[in-house]
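A.B. asks: Residue numbers (this note's numbering), protein chains in the order written: chain A, 5 to 523; chain B, 5 to 523.
Hints are computed from structural coordinates only; laboratory data are not their basis.
Mixed in with the good hints there might be a few duds.
Since copy identity is lost for identical chains, a pair holds within one copy or between any two.
Here are the simulated lysine-lysine pairs, DSS-like style, with alpha carbons at most 27 Å apart [said to hold, decoys possible]:
1. K492 to K302
2. K312 to K69
3. K463 to K326
4. K446 to K77
5. K121 to K163
6. K492 to K519
7. K326 to K492
8. K497 to K438
9. K260 to K94
Note that the coordinates shown come from a computational prediction; the quantities given were computed from them, not determined experimentally.
There are 2 protein chains.
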Amino acid sequence: MLAVFGVRTSSALLGSWTVSRVRFLHSLSGMTVAQIDEEVAKLLELKAKLGGDDGKHQFVLKTPKGTRDYNPKQMAIREKVFSTIIHCFKRHGAETIDTPVFELKETLTGKYGEDSKLIYDLKDQGGELLSLRYDLTVPFARYLAMNKITNIKRYHIAKVYRRDNPAMTRGRYREFYQCDFDIAGQYDAMIPDAECLKIVYEILRELDLGDFRIKVNDRRILDGMFAVCGVPDDKFRTICSTVDKLDKMPWEDVKKEMVNEKGLSEAAADQIGTYVSMQGGMDLAERLLQDPKMSQSKQACAGLTDIKLLFSYLQIFQITDKVVFDLSLARGLDYYTGVIYEALLTQAGVAPVVEAQNGAPGSTEESVSVGSVAGGGRYDGLVGMFDPKGRKVPCVGVSIGIERIFSIMEQKAEACAEKVRTTEVQVMVASAQKNLLEERLKLVTELWNAGIKAEVMYKKNPKLLSQLQHCEESGIPLVAILGEQELKDGVVKLRVVANREEVDISRGDLVEEIKRRTS
Amino acid sequence: MLAVFGVRTSSALLGSWTVSRVRFLHSLSGMTVAQIDEEVAKLLELKAKLGGDDGKHQFVLKTPKGTRDYNPKQMAIREKVFSTIIHCFKRHGAETIDTPVFELKETLTGKYGEDSKLIYDLKDQGGELLSLRYDLTVPFARYLAMNKITNIKRYHIAKVYRRDNPAMTRGRYREFYQCDFDIAGQYDAMIPDAECLKIVYEILRELDLGDFRIKVNDRRILDGMFAVCGVPDDKFRTICSTVDKLDKMPWEDVKKEMVNEKGLSEAAADQIGTYVSMQGGMDLAERLLQDPKMSQSKQACAGLTDIKLLFSYLQIFQITDKVVFDLSLARGLDYYTGVIYEALLTQAGVAPVVEAQNGAPGSTEESVSVGSVAGGGRYDGLVGMFDPKGRKVPCVGVSIGIERIFSIMEQKAEACAEKVRTTEVQVMVASAQKNLLEERLKLVTELWNAGIKAEVMYKKNPKLLSQLQHCEESGIPLVAILGEQELKDGVVKLRVVANREEVDISRGDLVEEIKRRTS
């Protein structure tokens with residue numbers, strides 16, 4: 005990922021200085037390899053900025069912090085994952101849209117709370133002030149309001165940008181894909197919400213990432229719970245974000261934060277503690293509707309009634325085996341107004357280790373939970389923020405955490421030493437003899453024109469061995485070999501790379517034979 | 005594309021002021037509709053910035069200048085175009101990669117000559133200085149150098165960013181897709197170059213955009229020509245960019261610019277004029293190799309010899325009917341070192357009107373020529389600019405001007421009133437009776453689980469008519485209708501939307517029947 009050049013006389017000196025400083029830092033704080041890499045990158049950048057002592061411009065050959073290139077193998081995996089997900093979205097009747105990578109800065113203002121500091125702004129080069137999109141939900145809401153759309157079921161797969169602390173080994177980047185499915189429109193309660201969960205279930209099953217569960221809760225239940233536990237109204241949000249840490253911290257620490265940092269009474273915290281330890285299904289929702297305290301909150305009752313209804317649809321959709329009503333689920337973003345959910349991988353060995361937060365600025369949605377691979381909820385107010393008359397368009401949606409899924413799939417591919425093909429070439433047109441370039445080009449033209457995926461080496465007289473080696477390396481299954489004799493006989497020698505079998509095929513039958521063998 | 009709100013008491017006043025100013029501007033300079041739209045947008049922005057007199061925040065609901073959303077219909081067209089192009093790239097054995105949307109500012113520095121002023125920079129928010137990518141070629145070269153790759157055949161489809169004067173009605177945006185295919189590696193002359201042209205030919209044929217031709221030239225021939233015509237070395241580049249205008253200006257004007265603005269002698273200009281009017285094929289290359297003046301330049305001879313060889317391969321590829329050797333072709337970018345080419349649509353009615361340049365800053369590649377839909381060439385030096393030891397990796401590639409193609413395809417779809425489907429739903433699960441929501445959900449679950457693309461209305465008791473209307477509007481071919489009787493009989497009434505035929509299908513056979521009818 006990193007290469008430096010332009011250093012001449014001073015490189016050895018600076019190099020050893022870098023290493024010793026890294027050692028020092030390492031011994032100091034027990035950094036991870038990824039952290040060391042980043043420290044090295046920073047130092048090398050600094051070095052590059054200082055310039056060498058030979059006056060030559062110092063240049064760091066790298067991608068920006070928190071970003072990466074996708075090589076062909078990674079692209080092959082990425083395309084496979086996208087294909088599975090898009091297929092599911094289409095099975096559920098979704099259309100797709102696209103929006104620009106940047107929006108007017110104003111469009112993003114006031115939508116992300118504290119996380120706004122993580123937005124990338126563009127330089128003011130005259131004209132409008134712009135920012136890179138932070139998610140796909142706000143642009144979607146802007147799109148609906150701008151085009152006065154009140155009904156749509158759409159997916160959107162695109163990159164979003166956050167100036168967050170990257171943790172690339174765990175699939176957390178500053179540039180990363182989001183993969184969103186949303187249903188906008190005024191419908192009967194919980195039907196679209198249930199379909200979103202069905203989609204998450206189908207996708208995680210089909211991607212075969214191991215066992216998972218989907219946690220469900222409702223913003224109104226959380227708010228109602230805070231109210232009946234005696235949390236002052238103005239502390240709902242901050243207490244909610246503390247509850248959100250239950251994934252990463254034991255209850256004792258969460259309680260401490262509530263009491264010591266956020267000034268909640270011990271009694272209120274304990275009451276919250278009782279509730280947030282509850283998990284169940286429709287039965288739990290029913291029990292809480294009878295709960296003497298909880299049932300005092302109208303909001304909570306509305307949420308609980310919807311959870312009951314939701315579970316009745318989830319039963320019909322045959323997905324209750326993986327869905328759990330969990331009162332500790334409290335997603336970060338401000339715009340949720342109803343049902344919220346989050347999917348987690350539960351299989352050991354797949355879920356990455358617990359992240360040391362170290363007061364890292366802006367732990368974003370992706371880091372909400374260990375092994376979290378999807379999340380979403382209902383946001384009925386967001387579109388209204390963009391509408392001139394404040395007209396609301398109720399929305400519910402889900403975002404698939406595709407980068408983490410890529411990471412897992414890449415690790416799996418490496419682990420099982422599975423050969424990932426990066427091209428789809430069916431046949432290589434080759435020759436063992438010299439001066440047959442034109443004949444090879446003629447044959448490959450015939451194949452291309454017939455829709456066959458075919459390659460030819462860009463050499464006048466390549467060695468047969470190097471042509472065959474290329475096939476082995478890139479998984480090309482067939483070789484069409486030409487020689488003087490074959491040309492005279494009007495045939496082509498078709499070789500199967502896997503078993504080295506060769507058979508003469510008449511030139512007129514070649515296309516059909518290749519299609520037959522590679523279908 | 006534009007909506008403004010937040011204006012209360014003052015809106016009528018400001019509105020009429022805007023209109024009168026636009027009228028004034030219009031009468032002033034005979035603006036196009038697109039230009040007026042942009043002027044209006046600017047004024048409304050200004051209005052929004054000034055704020056209303058009621059203290060309410062003024063907000064313009066729009067996408068940034070020069071950008072657009074893609075609605076589902078546009079996405080359907082976009083996906084069709086991409087699919088054709090990607091299919092062709094894969095037929096020729098290409099892998100794909102992806103790079104970040106921004107690069108270190110330094111990576112882009114010194115690669116685009118004058119056009120550098122069109123690069124979008126990110127705001128300095130601490131850390132590295134970043135810029136949005138301006139094309140896919142420079143990131144590709146950076147990728148090759150960084151990963152020490154010396155051989156690859158790759159395509160890359162992604163958005164690039166230019167702070168250019170947008171002309172959106174003609175498909176010129178500030179955010180737009182590029183669609184690049186490149187072959188990197190040390191190979192025998194003109195074989196990969198010929199394949200790039202073959203690919204352009206195949207794509208333009210398959211997209212069915214009407215007749216086209218592909219102009220070919222060579223940087224070395226241009227430079228040699230300038231040398232033998234007496235152009236001073238330091239004026240090659242500026243004279244080259246004047247020649248580049250022959251697409252849009254008559255020779256007299258081009259000559260005037262050479263003589264009056266760039267200080268070339270009349271004789272030299274006339275000599276250039278004779279050469280740049282030449283068009284032909286292999287025969288022209290042969291004739292010029294015998295030309296007493298041209299043959300004095302070693303560079304020109306090398307270029308001409310390669311053009312001859314190129315045409316011999318193009319003959320084998322069966323594409324010479326559309327390719328013409330044209331000495332007036334002079335592409336703008338600095339990094340080309342050998343063969344250059346450009347594809348143009350020639351059919352009347354499709355190619356947009358000649359663009360009034362009006363001294364617009366930075367006419368970019370996309371605007372090089374009326375109807376230009378693809379371009380590229382050989383750039384053997386670019387990767388070396390990134391390599392610490394200056395090691396060169398010869399490259400040749402082509403970029404498909406996909407935005408212009410989208411525009412044409414959209415116009416075509418509109419013109420023939422062709423219905424573009426935006427979903428792939430095969431069947432709608434419906435009911436004519438009340439209280440069958442659960443039964444509808446059960447059936448749609450069966451269908452989804454069997455891989456059928458199916459929809460159900462998110463209403464407890466939707467009207468049959470509205471369910472059928474939805475099918476007509478979105479082109480869903482089949483409706484599976486449930487009623488008490490059907491449930492009792494264990495059947496589903498399958499209705500063909502097109503002809504309203506209905507037939508009872510036993511529930512167990514439904515999936516197969518839907519597959520059969522929609523395959």
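A.B. asks: Are the hints correct? Go through all of them and say.
C.D. replies: Comparing the hints with the structure gives:
Taking the closest pair of Cα atoms, K492 and K302 never come within 27 Å of each other, the shortest separation being 89 Å inside a single copy and 41 Å across copies. Taking the closest pair of Cα atoms, K312 and K69 never come within 27 Å of each other, the shortest separation being 46 Å inside a single copy and 47 Å across copies. Only between protomers do K463 and K326 lie at most 27 Å apart by alpha-carbon distance; the minimum there is 26 Å, versus 57 Å within a single protomer. In this assembly of identical chains, K446 and K77 lie within 27 Å of each other by CA distance neither inside one copy nor across copies; the values are 31 Å within and 40 Å between.
When the C-alpha separation of K121 and K163 is checked against a cutoff of 27 Å, the pair qualifies both within a copy, at 18 Å, and between copies, at 25 Å. When the C-alpha separation of K492 and K519 is checked against a cutoff of 27 Å, the pair qualifies only within one copy, where the shortest distance is 24 Å, while the shortest distance between copies is 48 Å. Within a single copy, K326 and K492 get their C-alpha atoms no closer than 66 Å, and across copies no closer than 32 Å, so neither meets the 27 Å cut-off. For the homomeric pair K497 and K438, the shortest alpha-carbon distance inside one copy (16 Å) is at most 27 Å, but the shortest distance between copies (67 Å) is not.
For the homomeric pair K260 and K94, neither the shortest alpha-carbon distance inside one copy (47 Å) nor that between copies (58 Å) is at most 27 Å.
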